[in-house]
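One line per chain: the protein sequences are A and B, in this order.
If you're matching positions, the first sequence starts at 9 in this note's numbering and goes up one per residue.
If you're matching positions, the second sequence starts at 194 in this note's numbering and goes up one per residue.
Worth flagging that the hints you see were computed from the coordinates, not collected in a lab.
We treat Cβ as the ideally placed atom computed from N, Cα and C, and that holds for glycine.
Be careful, since some hints might not be right.
[To be verified] Okay, the calculated beta carbon distance ranges per label pair:
id, chain 1, residue 1, chain 2, residue 2, range
1, A, D46, B, D222, 42 to 52 Å
2, A, T28, B, V239, 21 to 31 Å
3, A, D64, B, D222, 18 to 28 Å
4, B, Q262, A, S104, 17 to 27 Å
5, B, P233, A, I20, 16 to 26 Å
6, B, Q262, A, P69, 33 to 43 Å
7, A, T13, B, D248, 45 to 55 Å
[Claimed, not checked] Each computed DSS-like pair below joins lysine-lysine, with the alpha-carbon atoms no more than 27 Å apart:
id, chain 1, residue 1, chain 2, residue 2
8, B, K301, B, K209
9, B, K209, A, K52
10, B, K301, B, K231
11, B, K263, B, K196
12, A, K52, B, K231
13, A, K17, B, K301
14, B, K301, A, K52
15, A, K65, B, K231
16, A, K52, B, K263
17, B, K231, A, K17
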Amino acid sequence: NAGVTQTPKFRILKIGQSMTLQCTQDMNHNYMYWYRQDPGMGLKLIYYSVGAGITDKGEVPNGYNVSRSTTEDFPLRLELAAPSQTSVYFCASSYSNEQFFGPGTRLTVL
Amino acid sequence: AQKVTQAQTEISVVEKEDVTLDCVYETRDTTYYLFWYKQPPSGELVFLIRRNSFDEQNEISGRYSWNFQKSTSSFNFTITASQVVDSAVYFCAPRGSNYQLIWGAGTKLIIKP
Chain A
9 NAGVTQTPKF RILKIGQSMT LQCTQDMNHN YMYWYRQDPG MGLKLIYYSV GAGITDKGEV
69 PNGYNVSRST TEDFPLRLEL AAPSQTSVYF CASSYSNEQF FGPGTRLTVL
Chain B
194 AQKVTQAQTE ISVVEKEDVT LDCVYETRDT TYYLFWYKQP PSGELVFLIR RNSFDEQNEI
254 SGRYSWNFQK STSSFNFTIT ASQVVDSAVY FCAPRGSNYQ LIWGAGTKLI IKP
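One chain only, chain A, in its complex shape (with noise of 0.2 Å):
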């Protein structure tokens, strides 16, 4: 199993721009979450799902959009870039407890 991957690793956005993080995991969680971590603090979380066809806002949706279309994918839209959305952004996966991360996006919006 490959686990969670993610989708670029590095990315450097001009503001305005759009791009959408992408992430699949292959151990069949119906859980899937997306964080950001900012340098020095701990993770928060932006969205989530339990399910396919199923997402919620997390502590800080605002800048972002999501969808899971399949149980596998949960990709992150960020529609217009702010230099406040500079962060890493992490994907995680559970089945009902311990999430398993993917390792990370690190992005840069200037």
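Knowing the structure of chain A, use the given hints to seat chain B on it.
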């Protein structure tokens, strides 16, 4: 409201010393899970342990041990005979509703050779 506190921002010890990382979780829930994750300098998040609130038995796994006391809402993590490779940021993360994890700010552990 649920609140997790890792009061130690940074700890620095010399290799082979024992070190304990503190975590306090305040909640009105009577049953819950607590997790510890490790984030080494390479940036990935590594799951270490899961404990539930109705099991207060201390647990030992190799050089790692965990002490959970529900009465004080503390869930502490001890590394015995620390090694340089243990250097990382350690996060305490209780599980809230909808299987969400509530993340502490983390404790940066520096092990000096």
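Hints versus structure:
Distance hint check: the CB atoms of D46(A) and D222(B) are about 27 Å apart, inconsistent with the given range 42 to 52 Å. At roughly 27 Å, the beta-carbon separation of T28(A) and V239(B) lies within the given 21 to 31 Å, and the hint holds. Here the CB-CB span from D64(A) to D222(B) is close to 20 Å, well matched to the stated 18 to 28 Å. The hint said 17 to 27 Å for the Cβ distance between Q262(B) and S104(A), and at roughly 25 Å that hint holds.
Checking the proposed 16 to 26 Å range against P233(B) and I20(A) shows it holds: the Cβ atoms sit about 25 Å from each other. Distance hint check: the CB atoms of Q262(B) and P69(A) are about 35 Å apart, consistent with the given range 33 to 43 Å. Between T13(A) and D248(B) the Cβ separation comes to about 33 Å, which falls outside the hinted range of 45 to 55 Å. At roughly 17 Å between alpha-carbon atoms, K301(B) and K209(B) fall within 27 Å of each other, so this suggested pair holds.
The straight-line distance between the Cα atoms of K209(B) and K52(A) is roughly 34 Å, outside the 27 Å bound, and the hint therefore fails. Among the hinted pairs, K301(B) with K231(B) is consistent with the structure: their alpha-carbon atoms are about 10 Å apart, no more than 27 Å. With a C-alpha separation of about 14 Å, the suggested pair K263(B) and K196(B) falls inside the 27 Å cut-off, and the hint holds. Between K52(A) and K231(B) the CA atoms are separated by roughly 16 Å; this keeps the pair inside 27 Å, and the hint holds.
A hinted pair counts as satisfied when its Cα atoms are at most 27 Å apart, and K17(A) with K301(B) qualifies at roughly 24 Å. Distance restraint check for K301(B) and K52(A): the Cα-Cα separation of roughly 18 Å lies within the 27 Å cut-off, and the hinted pair is therefore satisfied. For the given pair, K65(A) sits about 26 Å from K231(B) by alpha-carbon distance, which is consistent with the 27 Å threshold. The straight-line distance between the Cα atoms of K52(A) and K263(B) is roughly 25 Å, inside the 27 Å bound, and the hint therefore holds.
This hinted pair checks out: K231(B) and K17(A) have alpha carbons roughly 20 Å apart, not beyond 27 Å.
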